[in-house]
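Put together the whole structure using the sequences plus the hints.
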Amino acid sequence: MTGSVTRAQIANYGIFVAFALVVIGLMIASPAFRAPENLIAIGRQVAVLGIASFAMTFIILAGEIDLSVGAVASASGVVTAMALAAGLGPWAILIGVGVGAGFGLMNGLLTVYAAVPSFIATLVSFFIAQGVALTLTGGRTILFDADWFRDFFATGSVFGLRSAFLWLFFVFLALWWLLARTRFGAHIYAIGGSQPSSRMLGLAVDRIKILIFTMAGALMGLVGMILISRIGNARSDGAVGLEFDAIAAVVIGGTALGGGTGSLLRSLIGVMLIGVLNNGLAILNVDFNAQQVIKGVLVIAVVLLDRWARGLKGASA
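The sequence shown runs 28 to 344 under the working numbering.
Read the hints as simulated data drawn from the structure, not as lab findings.
Heads up, the beta-carbon is just placed ideally off N, CA and C, and yes, glycines get one too.
Accuracy of the hints is not assured; some may be wrong.
[Unchecked claim] Distance ranges between label pairs, derived from CB positions:
1. 115 - 58: 44 to 54 Å
2. 205 - 68: 27 to 37 Å
3. 125 - 320: 30 to 40 Å
4. 116 - 201: 21 to 31 Å
5. 55 - 224: 29 to 39 Å
6. 52 - 323: 14 to 24 Å
7. 125 - 268: 20 to 30 Å
8. 197 - 117: 10 to 20 Å
9. 285 - 175: 38 to 48 Å
10. 311 - 117: 40 to 50 Å
11. 321 - 43: 15 to 25 Å
12. 170 - 227: 51 to 61 Å
Next comes the structure, spelled out in C-alpha coordinates:
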(Lines of atoms letter the chains of each structure in order from A and count residues from 1; the text may use other names and numbers.)
(Lines give C-alpha, C1' and ligand atoms only; values in the text may rest on other atoms or scores of the structure.)
Protein backbone atom coordinates (compact mmCIF):
# COMPACT_ATOMS: atom_id res chain seq x y z
CA MET A 1 0.00 0.00 0.00
CA THR A 2 2.76 2.43 0.96
CA GLY A 3 4.65 1.66 -2.23
CA SER A 4 1.48 2.23 -4.26
CA VAL A 5 0.89 5.63 -2.68
CA THR A 6 4.52 6.61 -3.24
CA ARG A 7 4.38 5.73 -6.94
CA ALA A 8 1.06 7.50 -7.38
CA GLN A 9 2.44 10.59 -5.69
CA ILE A 10 5.49 10.56 -7.95
CA ALA A 11 3.24 10.32 -11.02
CA ASN A 12 0.95 13.10 -9.77
CA TYR A 13 3.50 15.56 -8.43
CA GLY A 14 6.72 14.64 -10.25
CA ILE A 15 6.30 17.46 -12.80
CA PHE A 16 6.09 20.07 -10.04
CA VAL A 17 9.19 18.67 -8.31
CA ALA A 18 11.07 18.51 -11.63
CA PHE A 19 10.16 22.13 -12.41
CA ALA A 20 11.36 23.32 -9.00
CA LEU A 21 14.62 21.36 -9.29
CA VAL A 22 15.36 22.69 -12.79
CA VAL A 23 14.71 26.29 -11.71
CA ILE A 24 16.87 25.93 -8.60
CA GLY A 25 19.64 24.23 -10.57
CA LEU A 26 19.71 26.95 -13.24
CA MET A 27 19.64 29.70 -10.62
CA ILE A 28 22.71 28.16 -9.00
CA ALA A 29 24.47 27.57 -12.32
CA SER A 30 23.91 31.03 -13.80
CA PRO A 31 23.58 34.45 -12.13
CA ALA A 32 22.18 35.74 -15.44
CA PHE A 33 19.31 33.24 -15.26
CA ARG A 34 18.15 34.41 -11.84
CA ALA A 35 18.22 38.08 -12.82
CA PRO A 36 14.68 39.52 -12.37
CA GLU A 37 14.59 40.86 -15.93
CA ASN A 38 15.37 37.39 -17.30
CA LEU A 39 12.65 35.73 -15.24
CA ILE A 40 10.18 38.32 -16.54
CA ALA A 41 11.44 37.68 -20.08
CA ILE A 42 10.69 33.96 -19.70
CA GLY A 43 7.06 34.84 -18.98
CA ARG A 44 6.91 36.76 -22.26
CA GLN A 45 8.77 34.10 -24.23
CA VAL A 46 6.43 31.26 -23.27
CA ALA A 47 3.28 33.03 -24.47
CA VAL A 48 3.53 31.50 -27.96
CA LEU A 49 4.40 28.03 -26.70
CA GLY A 50 1.79 28.25 -23.95
CA ILE A 51 -1.18 29.02 -26.20
CA ALA A 52 -0.05 26.38 -28.71
CA SER A 53 0.24 23.84 -25.89
CA PHE A 54 -3.22 24.67 -24.56
CA ALA A 55 -4.67 24.01 -28.02
CA MET A 56 -2.67 20.79 -28.23
CA THR A 57 -4.00 19.72 -24.82
CA PHE A 58 -7.59 19.80 -26.09
CA ILE A 59 -6.65 17.81 -29.18
CA ILE A 60 -4.65 15.15 -27.32
CA LEU A 61 -7.32 14.84 -24.62
CA ALA A 62 -9.76 13.92 -27.39
CA GLY A 63 -7.40 11.17 -28.55
CA GLU A 64 -5.99 13.01 -31.58
CA ILE A 65 -2.74 14.79 -32.51
CA ASP A 66 -1.92 17.94 -34.50
CA LEU A 67 1.39 18.27 -36.33
CA SER A 68 0.35 21.39 -38.24
CA VAL A 69 0.27 23.99 -35.45
CA GLY A 70 3.66 25.56 -36.20
CA ALA A 71 3.12 25.82 -39.95
CA VAL A 72 -0.44 27.13 -39.48
CA ALA A 73 0.79 29.79 -37.05
CA SER A 74 3.48 30.79 -39.57
CA ALA A 75 0.99 31.00 -42.44
CA SER A 76 -1.48 32.98 -40.32
CA GLY A 77 1.29 35.36 -39.29
CA VAL A 78 2.37 35.89 -42.90
CA VAL A 79 -1.18 36.58 -44.10
CA THR A 80 -1.79 38.95 -41.18
CA ALA A 81 1.45 40.84 -41.87
CA MET A 82 0.55 41.19 -45.55
CA ALA A 83 -2.92 42.45 -44.62
CA LEU A 84 -1.38 45.02 -42.27
CA ALA A 85 1.11 46.09 -44.94
CA ALA A 86 -1.82 46.51 -47.35
CA GLY A 87 -3.47 48.93 -44.92
CA LEU A 88 -6.39 46.72 -43.85
CA GLY A 89 -5.99 47.70 -40.19
CA PRO A 90 -8.06 45.75 -37.64
CA TRP A 91 -9.48 43.56 -40.42
CA ALA A 92 -6.06 41.90 -40.51
CA ILE A 93 -6.80 40.36 -37.11
CA LEU A 94 -9.96 38.67 -38.36
CA ILE A 95 -8.16 37.52 -41.48
CA GLY A 96 -5.32 35.97 -39.46
CA VAL A 97 -7.66 34.15 -37.09
CA GLY A 98 -9.77 33.05 -40.06
CA VAL A 99 -6.77 31.52 -41.82
CA GLY A 100 -5.90 29.52 -38.71
CA ALA A 101 -9.49 28.43 -38.15
CA GLY A 102 -9.76 27.39 -41.80
CA PHE A 103 -6.79 25.05 -41.51
CA GLY A 104 -8.17 23.70 -38.24
CA LEU A 105 -11.54 23.05 -39.86
CA MET A 106 -9.81 21.20 -42.69
CA ASN A 107 -7.98 19.04 -40.14
CA GLY A 108 -11.25 18.23 -38.41
CA LEU A 109 -13.11 17.38 -41.61
CA LEU A 110 -10.30 15.16 -42.89
CA THR A 111 -10.09 13.35 -39.56
CA VAL A 112 -13.82 12.91 -39.00
CA TYR A 113 -15.47 12.57 -42.40
CA ALA A 114 -12.60 11.31 -44.57
CA ALA A 115 -11.48 8.98 -41.74
CA VAL A 116 -7.87 10.06 -42.24
CA PRO A 117 -5.83 9.53 -39.05
CA SER A 118 -5.14 12.90 -37.45
CA PHE A 119 -1.40 12.24 -37.66
CA ILE A 120 -1.66 12.09 -41.47
CA ALA A 121 -4.35 14.77 -41.85
CA THR A 122 -2.41 17.35 -39.87
CA LEU A 123 0.85 16.41 -41.58
CA VAL A 124 -0.88 17.22 -44.88
CA SER A 125 -2.00 20.56 -43.42
CA PHE A 126 1.56 21.19 -42.28
CA PHE A 127 2.87 20.90 -45.84
CA ILE A 128 -0.01 22.94 -47.30
CA ALA A 129 0.37 25.74 -44.75
CA GLN A 130 4.12 25.81 -45.21
CA GLY A 131 3.67 25.91 -48.98
CA VAL A 132 1.16 28.76 -48.73
CA ALA A 133 3.50 30.78 -46.53
CA LEU A 134 6.48 30.18 -48.83
CA THR A 135 4.46 31.07 -51.93
CA LEU A 136 3.13 34.30 -50.42
CA THR A 137 6.50 35.46 -49.13
CA GLY A 138 8.70 34.16 -51.92
CA GLY A 139 11.18 33.36 -49.18
CA ARG A 140 11.35 37.02 -48.13
CA THR A 141 10.63 38.59 -44.76
CA ILE A 142 7.35 40.51 -44.70
CA LEU A 143 7.63 43.90 -42.97
CA PHE A 144 4.70 45.91 -41.64
CA ASP A 145 4.28 49.22 -39.86
CA ALA A 146 1.55 48.96 -37.23
CA ASP A 147 2.63 49.97 -33.72
CA TRP A 148 -0.92 49.61 -32.42
CA PHE A 149 -0.93 45.98 -33.54
CA ARG A 150 2.41 45.20 -31.90
CA ASP A 151 1.35 46.91 -28.67
CA PHE A 152 -1.95 45.03 -28.59
CA PHE A 153 -0.46 41.56 -29.07
CA ALA A 154 3.06 41.65 -27.65
CA THR A 155 5.00 44.80 -26.82
CA GLY A 156 2.42 46.86 -24.93
CA SER A 157 2.09 46.64 -21.17
CA VAL A 158 -0.60 46.95 -18.50
CA PHE A 159 0.54 47.40 -14.89
CA GLY A 160 4.01 46.31 -15.98
CA LEU A 161 2.78 43.10 -17.64
CA ARG A 162 3.47 42.66 -21.35
CA SER A 163 0.57 42.12 -23.72
CA ALA A 164 1.90 38.71 -24.79
CA PHE A 165 1.84 37.48 -21.19
CA LEU A 166 -1.67 38.87 -20.69
CA TRP A 167 -2.87 36.98 -23.76
CA LEU A 168 -1.38 33.80 -22.30
CA PHE A 169 -3.10 34.46 -18.97
CA PHE A 170 -6.56 35.20 -20.37
CA VAL A 171 -6.47 32.37 -22.91
CA PHE A 172 -5.50 29.99 -20.10
CA LEU A 173 -8.40 31.18 -17.92
CA ALA A 174 -10.93 30.88 -20.75
CA LEU A 175 -9.79 27.42 -21.83
CA TRP A 176 -9.46 26.18 -18.25
CA TRP A 177 -13.08 27.20 -17.61
CA LEU A 178 -14.19 25.55 -20.86
CA LEU A 179 -12.40 22.30 -20.05
CA ALA A 180 -13.03 22.05 -16.31
CA ARG A 181 -16.40 23.72 -15.83
CA THR A 182 -18.53 22.99 -18.90
CA ARG A 183 -20.31 20.00 -20.39
CA PHE A 184 -18.23 20.46 -23.53
CA GLY A 185 -15.06 19.86 -21.50
CA ALA A 186 -16.53 16.77 -19.85
CA HIS A 187 -17.44 15.41 -23.28
CA ILE A 188 -13.83 15.88 -24.46
CA TYR A 189 -12.57 13.74 -21.57
CA ALA A 190 -15.23 11.13 -22.32
CA ILE A 191 -14.34 10.97 -26.02
CA GLY A 192 -10.65 10.59 -25.24
CA GLY A 193 -11.39 7.91 -22.67
CA SER A 194 -13.54 5.80 -24.98
CA GLN A 195 -14.89 6.99 -28.30
CA PRO A 196 -17.22 3.97 -28.82
CA SER A 197 -18.73 4.43 -25.35
CA SER A 198 -19.17 8.15 -26.02
CA ARG A 199 -21.11 7.39 -29.20
CA MET A 200 -23.28 4.90 -27.32
CA LEU A 201 -24.07 7.63 -24.78
CA GLY A 202 -25.23 9.88 -27.60
CA LEU A 203 -22.37 12.37 -27.54
CA ALA A 204 -21.80 14.33 -30.75
CA VAL A 205 -18.29 12.93 -31.16
CA ASP A 206 -17.74 14.08 -34.75
CA ARG A 207 -19.00 17.61 -34.15
CA ILE A 208 -16.94 17.99 -30.97
CA LYS A 209 -13.75 16.85 -32.71
CA ILE A 210 -14.31 19.28 -35.57
CA LEU A 211 -14.89 22.09 -33.07
CA ILE A 212 -11.69 21.21 -31.21
CA PHE A 213 -9.57 21.25 -34.37
CA THR A 214 -11.18 24.50 -35.56
CA MET A 215 -10.63 26.14 -32.17
CA ALA A 216 -7.01 24.99 -32.18
CA GLY A 217 -6.54 26.50 -35.63
CA ALA A 218 -8.02 29.82 -34.52
CA LEU A 219 -5.65 29.83 -31.55
CA MET A 220 -2.77 29.27 -33.97
CA GLY A 221 -3.93 32.40 -35.77
CA LEU A 222 -3.56 34.23 -32.45
CA VAL A 223 -0.14 32.64 -31.91
CA GLY A 224 0.96 33.84 -35.34
CA MET A 225 -0.07 37.40 -34.50
CA ILE A 226 1.74 37.37 -31.15
CA LEU A 227 4.84 36.01 -32.87
CA ILE A 228 5.00 38.63 -35.62
CA SER A 229 4.20 41.35 -33.07
CA ARG A 230 7.18 40.31 -30.95
CA ILE A 231 9.71 40.40 -33.78
CA GLY A 232 8.11 43.06 -36.00
CA ASN A 233 8.01 40.99 -39.19
CA ALA A 234 6.73 37.71 -40.61
CA ARG A 235 8.64 34.76 -42.07
CA SER A 236 7.35 31.62 -43.73
CA ASP A 237 9.16 29.50 -41.15
CA GLY A 238 8.51 31.74 -38.15
CA ALA A 239 6.82 29.07 -36.02
CA VAL A 240 7.80 25.84 -37.75
CA GLY A 241 8.89 23.35 -35.10
CA LEU A 242 6.52 24.79 -32.51
CA GLU A 243 4.42 21.62 -32.67
CA PHE A 244 7.21 19.51 -31.17
CA ASP A 245 7.73 21.77 -28.15
CA ALA A 246 3.94 21.95 -27.70
CA ILE A 247 3.58 18.17 -27.71
CA ALA A 248 6.56 17.88 -25.37
CA ALA A 249 5.05 20.38 -22.92
CA VAL A 250 1.68 18.61 -22.92
CA VAL A 251 3.20 15.15 -22.47
CA ILE A 252 5.61 16.36 -19.79
CA GLY A 253 2.61 17.89 -18.04
CA GLY A 254 1.06 14.44 -17.78
CA THR A 255 -1.59 14.43 -20.51
CA ALA A 256 -1.85 10.87 -21.84
CA LEU A 257 -1.16 10.59 -25.58
CA GLY A 258 -4.03 8.11 -25.78
CA GLY A 259 -6.45 10.79 -24.59
CA GLY A 260 -8.88 11.11 -21.70
CA THR A 261 -6.36 12.07 -19.00
CA GLY A 262 -4.70 15.42 -18.32
CA SER A 263 -5.37 19.03 -17.39
CA LEU A 264 -4.60 22.52 -18.61
CA LEU A 265 -2.82 23.45 -15.38
CA ARG A 266 -0.38 20.57 -15.76
CA SER A 267 0.20 21.57 -19.39
CA LEU A 268 1.02 25.08 -18.15
CA ILE A 269 3.65 23.62 -15.81
CA GLY A 270 5.03 21.64 -18.75
CA VAL A 271 5.18 24.86 -20.78
CA MET A 272 7.05 26.65 -18.00
CA LEU A 273 9.49 23.76 -17.70
CA ILE A 274 10.22 23.79 -21.44
CA GLY A 275 10.47 27.59 -21.39
CA VAL A 276 12.85 27.59 -18.44
CA LEU A 277 14.97 24.88 -20.06
CA ASN A 278 15.14 26.73 -23.40
CA ASN A 279 16.10 29.96 -21.68
CA GLY A 280 18.52 28.51 -19.14
CA LEU A 281 20.35 26.23 -21.57
CA ALA A 282 20.73 29.12 -24.04
CA ILE A 283 22.20 31.31 -21.28
CA LEU A 284 24.63 28.50 -20.43
CA ASN A 285 25.60 28.36 -24.14
CA VAL A 286 24.50 24.75 -24.49
CA ASP A 287 24.48 23.69 -28.14
CA PHE A 288 21.01 23.74 -29.73
CA ASN A 289 21.23 20.09 -30.75
CA ALA A 290 22.15 19.16 -27.19
CA GLN A 291 19.12 21.12 -25.99
CA GLN A 292 16.90 19.00 -28.24
CA VAL A 293 18.45 15.83 -26.83
CA ILE A 294 17.80 17.00 -23.27
CA LYS A 295 14.14 17.75 -24.04
CA GLY A 296 13.76 14.40 -25.81
CA VAL A 297 15.18 12.51 -22.84
CA LEU A 298 12.84 14.44 -20.54
CA VAL A 299 9.79 13.47 -22.62
CA ILE A 300 10.83 9.80 -22.67
CA ALA A 301 11.35 9.84 -18.90
CA VAL A 302 7.88 11.30 -18.31
CA VAL A 303 6.18 8.81 -20.65
CA LEU A 304 7.94 5.88 -18.96
CA LEU A 305 6.96 7.22 -15.54
CA ASP A 306 3.33 7.53 -16.66
CA ARG A 307 3.29 3.96 -18.00
CA TRP A 308 4.92 2.75 -14.79
CA ALA A 309 2.19 4.34 -12.67
CA ARG A 310 -0.61 3.13 -14.96
CA GLY A 311 0.81 -0.39 -15.01
CA LEU A 312 0.83 -0.43 -11.24
CA LYS A 313 -2.82 0.65 -11.11
CA GLY A 314 -3.76 -2.07 -13.56
CA ALA A 315 -1.96 -4.69 -11.52
CA SER A 316 -3.54 -3.56 -8.26
CA ALA A 317 -7.01 -3.62 -9.80
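Quiz item: For the pair residue 55 and residue 224, does the Cβ-Cβ distance stay inside 29 to 39 Å?
Solution: The hint (29 to 39 Å, Cβ to Cβ) is violated, given that residue 55 and residue 224 are roughly 49 Å apart.
Quiz item: How does the Cβ-Cβ distance of residue 115 and residue 58 compare with 44 to 54 Å: does it lie in that range?
Solution: holds (46 Å)
Practice problem: Starting from the range 38 to 48 Å, see whether the pair residue 285 and residue 175 falls in it by beta-carbon distance. | Solution: Because 44 Å falls inside the window, the suggested range holds.
Quiz item: So the hint says 30 to 40 Å: do the beta-carbon atoms of residue 125 and residue 320 match that?
Solution: With Cβ atoms ~38 Å apart, the hint holds.
Quiz prompt | C-beta pair residue 321, residue 43: status relative to the range 15 to 25 Å that was hinted | solution = holds (19 Å)
Practice problem: With 40 to 50 Å as the target window, see if residue 311 and residue 117 comply at their CB atoms. | Solution: holds (42 Å)
Exercise. Look at the Cβ atoms of residue 125 and residue 268 and judge whether their distance stays inside 20 to 30 Å.
Key: Holds, since residue 125 and residue 268 (Cβ atoms, about 24 Å apart) stay within the stated range.
Quiz item: Holds or violated: 14 to 24 Å for the Cβ distance of residue 52 and residue 323?
Solution: Given about 19 Å between the Cβ atoms, the range holds.
Exercise. Using the beta carbons of residue 116 and residue 201, state whether their distance is inside 21 to 31 Å or not.
Key: holds (25 Å)
Quiz prompt | residue 68 and residue 205 - C-beta distance against the hinted 27 to 37 Å | solution = holds (29 Å)
Quiz prompt | residue 197 paired with residue 117, Cβ distance criterion 10 to 20 Å | solution = Distance hint for residue 197, residue 117 holds at roughly 19 Å.
Quiz prompt | Range agreement (Cβ of residue 227 with Cβ of residue 170, hint 51 to 61 Å) | solution = Hint holds: Cβ distance 55 Å, inside 51 to 61 Å.
This entry does not satisfy hint 5, going by the numbered hints stated previously; all others are met.
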